[in-house]
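*Asks:* Here are the chains, one letter per residue:
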Amino acid sequence: MTGRSSLLAGLALALALTACRREERRFSEPQVLVARRERAVAPPSSEPVAAFVDNAWSVSEGQRLFGWYNCAGCHSLAGGGGMGPPLRDATWIYGGSPEEIHRTIVEGRPNGMPEFGSRVPDYQIWQLVAYVLSLSGRLRQDVEPGRPEAIALGQPPAMTYEKKPVPANKGTHP
Amino acid sequence: MRLLRKGIFMLCGVALACHRRPPPAPPAQAGSTVLRDARVHQAAPSRVNGEWTKVAGDDQNTRYSPLAQIDAGNVARLDVAWSFKTGIERGHEAAPLVVGSMLYIVTPFPNRVHAFDLTHPGAPPRWTYQPPNEPRAQGVACCDVVNRGAAYDEGRVFFNTLDDHTIALDAATGKELWNTKLGDVNRGETMTMAPLVVQGRVLVGNSGGELGVRGWLTALDAATGAIVWRAYSTGPDEDVLIGSEFQPFYPQDRGKDLGATSWPPERWKLGGGTVWGFVSYDPELDLIFYGTGNPGPWNGEQRTGANKWTSGIFARRPETGHAVWFYQYSPHDVFDYDGVNESVLVDVDTAAGLRRLLFHADRNGYLYVLDRATGEVLSATAFGHITTSHGVDTKTGLIAYVPEKEPHVGATVHDICPASPGAKDWQPMAWSPKTHLLYIPHNNLCQDEEGMEANYVAGTPYVGAAVKMRAGPGGKRGEFAAWDPLAAKQVWHIEEEFPVWSGALATASNLVFYGTMDGRFKAVDAQSGKLLWQHQLDSGVIGQPVAFRAPDGKEYVAVLSGVGGWAGVIVPAKLDASDPTGALGFLNAMRDLPSRTKAGGTLYVFGLP
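Those protein sequences? They're chains A and B, same order as listed.
If you read the first sequence in my numbering, its first letter stands for residue 76, the second for the next number, and so on.
If you read the second sequence in my numbering, its first letter stands for residue 95, the second for the next number, and so on.
I should point out that these hints are in silico values taken from the structure, not numbers from a laboratory.
Any given hint might turn out to be false.
What the hints assert, rightly or not - Listed next, the in silico SDA-like pairs over lysine to any residue satisfying Cα-Cα at most 25 Å (straight line): (1) B:668 x A:124; (2) B:363 x A:172; (3) B:668 x A:125; (4) B:692 x A:186; (5) B:624 x B:168; (6) B:179 x A:186; (7) B:692 x A:166; (8) B:668 x A:166; (9) B:692 x B:588; (10) B:692 x A:165; (11) B:179 x B:586; (12) B:624 x B:162; (13) B:499 x B:488; (14) B:489 x B:552; (15) B:275 x B:341; (16) B:668 x A:172; (17) B:668 x A:213.
Said to hold, decoys possible - One-sided excerpt, in silico: chain B residues whose CB lies under 10 Å from chain A: (18) 271; (19) 304; (20) 551; (21) 553; (22) 556; (23) 664; (24) 676.
From the three backbone atoms N, C-alpha and C, an ideal C-beta is built for every residue, glycine too.
Could you build all of it, start to finish, from the sequences and the hints given here?
*Replies:* Rendered as structure tokens:
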């Protein structure tokens, strides 16, 4: 083996080993058994609802928290539903106003929606409300989130939030 | 960045050390030498009176009826004798039971039990029982709020509720005899499986492998409901009921506390291995057999190791629960390949004498033939399209995974076949001792998947994957196949548009029954697969058909319609298919189902005029 090729081989091995460490995610810290409250500066509670729902940063934070608190686990990454009802359509079982959605998240609902009021700070719940509203295309377009935290899967159009017109007859479902 | 990451991942693959995988095994053998000259042992018929007292018909899980009145010559005239709407429009996966002159069904949540009197025309309801329940259980059921049926023994009907109770009713009156709480919905635990009663013990297991639930099988005293034993699927030997009797066939399953040491510290506590499939029983070996569910979370990077005792099969003593052997179909599963699919017990005669076998069609795509006395794998043959592994080495018992198909956080892996519901999910197959064939309802699905870090929040999903499923090769999502397990080959198959999510039933007149998700209930010729009869029902069929002889002396075939389950939940829950990752990725493959059927819930009983 020439010096040059052994150097190359050595480099490749080093890179491979580093890569291994890179890929081998460490989870040495014991995993939390309840959702952690994130330490962050909360905005004043008197902030009007509009400050959250018309705020691109809130919506994008809500998108992140939607994954973090496992909302996505039941309602799916883009709100199509699964264990929980879909959030992309025009049906709102417990009301679709920002205040009603907020209450649903805070208190939970009897048929399976857990209460998150004791585990999530209020401003984050408002951010989640903003993101939930965005799923059914109910926010101004300029505050909509960008690329979602979901698989592109080689078909980006499927995962961009398709705009669906919100039907006038809210509350009914075909 | 994405390219760089991909490059690093490839280097990692070259360095092998990252993966700790066995070298590829040769392709699965077509039947082992042991089986080449084996002949099915003709056992005396276990049932002659025309009842159907267990979900699978018998302890061996054959789903074979010895009745033969309805046959190829008259099945074309088969029609609805009577029907009953349950009033619950969710996935109906249960099998009716017939004991004496009564027919029993258990519905999806809220888990009502109905008893019908077969001695009167139209079979009027005799009694109905509605258990108390916790509605929030619906929010932690991974895959619709299904129930797979009840059990009967000595005048009692036993069933599980979604909110983790096992309840015994007086079969004659519907009066509650006992009600034992076994789990906690706040931790994501539910119960969906059908119990099996063995030696006065009611065997029940839990569901919730997608919610960080720790799996178990529990035996209850049939008379009192008291817990006799509980065997966990993960954790130290003491919890798993592994002791001096434990003699697994393969060396990788021998050692102390493997259910804890084959995980990162403490991870087994959230490790899955739930027990939600069917249990089989061999009275001569005095063993029960059942599979364990997938390890949790799906994201395997969060749980390095073999993750015992998930995605495998236990043989245990029914009296004590002590483990006798274990075999792991999918060590360190990363695809949600639960090992819970039923085991069908069949004996064969070989040159060396009687051999007791077990047939099992796994989510991972292989049809296994095991020696059920020892846990030795005699053959493992692909019955579906597989890209995630090369084969199973019957000498070592090890499956040879394809490392490139393993999902990683931040990377999307394409063409994972079979998809997470497997080549076959829970939908139970039938065995005919006449044709010596298995009748396998199954799936033809592949998926793309991106790993994500799963964050444990009690009572919410603990998965760590974004999945998008679609039809496998050929474009049809389902198949109904006749399979010769000794020759290890398919004999015939019927392609179906949707996954065949119903159970199968074989009868002595060489008819085989199954249903489709778009609501057609079919009878086909057991030898050829030729369609002999079909009937359009009000909703898709994901239930388990059964055959019985009523007090009028006539044979009937009963099945529940009511589309749902993981595959069909899009219909009753009105999910939004514009999100392809909905329903854990199943939504993408089932967008057209709502236009082909509607939600429902009806018991249909078919007879000859």
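*Asks:* Hint by hint, which ones does this structure get wrong, listed from lowest number up?
*Replies:* Of the numbered hints given earlier, those the structure breaks are 1, 2, 3, 11, 14, 15 and 18, listed in rising order.
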